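Peer 1: Listed here are the chains, written in short residue letters.
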Amino acid sequence: MKLMTWQEIPIGGLILEAGNAKKFLTGDWRSQRPILDEEKCINCLTCFMVCPDGSIVLKDGKMSGFNYDYCKGCGICAYECPVKCITMKPEEDFR
Amino acid sequence: MKKRMKEVRWHGRGGQGAKTAAFLLAEAAMDDGKYFQGFPEYGPEREGAPIKAYTRISDRPILQHDAVSDPDVVIVLDDTLLGSVPVTDGVVEDTILMVNTKMTPDEVVKKIDWHGGRVYTIKATDIAMETIGKPIPNTPMIGAFIGATGMINEKALESKISHKFLKKLGQEGVDANIEAVRKARKAIAEVKDK
Amino acid sequence: MTTATVKKIRRAFTGNEAGAEAMRQINPDVAAVFPITPQTELMHAFASFVANGKVKTELVMVESEHSAMSATVGASAAGARAMTATSANGLALMWEIVYIAASSRLPIVMPIINRALSGPINIHCDHSDMMGCRDSGWIQMFSENSQEEYDNLIQAIRIAEHPDVLLPVMVGQDGFIISHSLESVEVFDDEEVRDFIGEYHPKNPLLDTDHPYTFGPLDLQDYYMEHKRQQHQGMQNARQVILDTGKEFGEKFGHHYSNFEEFHLEDAEIGMIALGSTAGTAKVAVENLREQGKKVGLLKLRVFRPFPFKELVEAVKHLKGLIVLDRSDSFGAMGGPVFLDVSASLNNLTKKPVTRNLIYGLGGRDMKVQDLEKIFGMMEKTVKTGKGAGSSQYYGARGDD
Chain A
635 MKLMTWQEIP
645 IGGLILEAGN
655 AKKFLTGDWR
665 SQRPILDEEK
675 CINCLTCFMV
685 CPDGSIVLKD
695 GKMSGFNYDY
705 CKGCGICAYE
715 CPVKCITMKP
725 EEDFR
Chain B
521 MKKRMKEVRW
531 HGRGGQGAKT
541 AAFLLAEAAM
551 DDGKYFQGFP
561 EYGPEREGAP
571 IKAYTRISDR
581 PILQHDAVSD
591 PDVVIVLDDT
601 LLGSVPVTDG
611 VVEDTILMVN
621 TKMTPDEVVK
631 KIDWHGGRVY
641 TIKATDIAME
651 TIGKPIPNTP
661 MIGAFIGATG
671 MINEKALESK
681 ISHKFLKKLG
691 QEGVDANIEA
701 VRKARKAIAE
711 VKDK
Chain C
11 MTTATVKKIR
21 RAFTGNEAGA
31 EAMRQINPDV
41 AAVFPITPQT
51 ELMHAFASFV
61 ANGKVKTELV
71 MVESEHSAMS
81 ATVGASAAGA
91 RAMTATSANG
101 LALMWEIVYI
111 AASSRLPIVM
121 PIINRALSGP
131 INIHCDHSDM
141 MGCRDSGWIQ
151 MFSENSQEEY
161 DNLIQAIRIA
171 EHPDVLLPVM
181 VGQDGFIISH
191 SLESVEVFDD
201 EEVRDFIGEY
211 HPKNPLLDTD
221 HPYTFGPLDL
231 QDYYMEHKRQ
241 QHQGMQNARQ
251 VILDTGKEFG
261 EKFGHHYSNF
271 EEFHLEDAEI
281 GMIALGSTAG
291 TAKVAVENLR
301 EQGKKVGLLK
311 LRVFRPFPFK
321 ELVEAVKHLK
331 GLIVLDRSDS
341 FGAMGGPVFL
351 DVSASLNNLT
361 KKPVTRNLIY
371 GLGGRDMKVQ
381 DLEKIFGMME
391 KTVKTGKGAG
401 SSQYYGARGD
411 D
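So the sequence lines, in the order shown, correspond to chains A, B and C.
Residue numbering for the first sequence follows our numbering, beginning at 635 and increasing consecutively.
Residue numbering for the second sequence follows our numbering, beginning at 521 and increasing consecutively.
Residue numbering for the third sequence follows our numbering, beginning at 11 and increasing consecutively.
Since the hints were made in silico from the structure, they are not lab data.
Among the hints, a few may not be true.
With a straight-line Cα cutoff of 35 angstroms, these simulated DSBU-like cross-link-like pairs (lysine-lysine) come out [said to hold, decoys possible]:
#, chain 1, residue 1, chain 2, residue 2
1, C, Lys213, A, Lys636
2, C, Lys305, B, Lys684
3, A, Lys718, A, Lys696
4, C, Lys17, C, Lys66
5, B, Lys675, C, Lys64
Nothing here was measured: the structure is a model prediction, and the numbers come from that model.
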């Protein structure tokens, strides 16, 4: 990313654009990737409740996977899942 | 070096209105078209504690902001201060002393070893009781000051009193204060040329 | 010089009352207040304007000065014209937020009733409070008397809110010496003052819900320095804006202002630099000595930040001797804060005046006309003999005589 000069940025540290955190893809930070076993999943949505980054993707109210743009791979979902349908795999296996 | 203004030092006790008098005289000077300063000397102020306040009056803008060290006039609102606070500090040979007291000028001179100029005594508390009905000697002492020095116009003082106190004291209170000023000025005028 | 035609009346005001009168005419949207001697009377008078419906200001009573400055910052960020006032330890307690106000580029105007910082505890005048935050990024002005307090506050609004500046301004007046002293003040017509300061149109108010934005985010190695560079530029831009505002104020109201005032300085051999009420007293000393044929003069410094170093050098470079008065110490430094800036300003001159620094008047210690005449005499001797040149000493502390 090209950094702006002092003449280009808004004064006083203001950020004029609302909700621009969306542009910052924190999924880059991930070293462990959660993988869902759909067969085992009972759609209790515990993972949805505990995910600190809102990265559990629901479809029609049912667990359907992860938003890897923002999932940091913390593994809380896998730890909390009552039926252990989420497993954490090394990120390098996917790159 | 010739002084560029007249300086007045007020001695009183907390609650007697020394600061009010210093400010009132200053404001009357303004209405008389003169430049002025009025300021108290701040310390631990309590009802009855000795306090000092100052008035400066000049025909030209007053630039300096130092304390008054050699007053032209010293006014003492309470004679119990004589001998207990240094009212003679910084006085020069023509400094005028005005004391609210039943004593004679000679008695005052003797009591405080006065080495300045003319000494006036006036029963300002009595005048205040007769006119205002309260033992507040500050307005009559301003009247006495005008009588002795002629430094500001009496009418300017009277209009200042009406303007400043009408809301707080009503017309009756204003009239009483103006009456006090006139009585005191007259009392001084009677002895001035003697 | 044009003749001012604005209606004015002469009033008897203490410095605090003059400050409150300026605030009444400025009519800020928000004022956050906490009392401290000798500032209390200013906000007391202003609070009665609020209570009597003379202003539409939202008066916020807070529980400390830290909160007073925080509330002022919040109000200013929201888009309000916001003010507060304080003295000494109150300013010290605001400390953290004082820096935030400047770096957030909020055009807050704050009267400071200059008072000695504790300890030992003292309520009287010196400049240690404002000098303590000379590097905080606030524009700093000192007033000689009640009139200047009033005039400076009105100008401060314009300077602070200028789009090229957008920095907070503190306007100092000497505690008790000015704040509690009754003097003649020319007060201008309300409408004319309001016309001069104009309406405030904040560029990015937080209350603009159609354009939500983030205020006060974390700012690390990648952008913090660019923000400081901007802040630096705002202060640089203030130099011209202060001069322009002073000129326009003079044209409209008849009182002319610059970074400093020169008093018999042009043909002087010995000069003095002073700020605040002492400058007025020094004028009398200069007049007295001039009558004796002594070539002495005064430079009354009005704007301390941004420090007008270029103009100051031009004004004093012809002098044989220059005595700099500081009403606060900068412990461990070469001299007081004014002396440090003056010395640094003179640094590039090949032929410079002999300088000396005196630290005086701490905690309200009186400085008389006679003292200042004596100091001019001291400086004359220093020029002749070289004794004391470049030194910084206390003046008036017992034990040094």
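Peer 1: Against the structure, test the hints numbered earlier, and report the numbers of the ones violated in rising order.
Peer 2: 2
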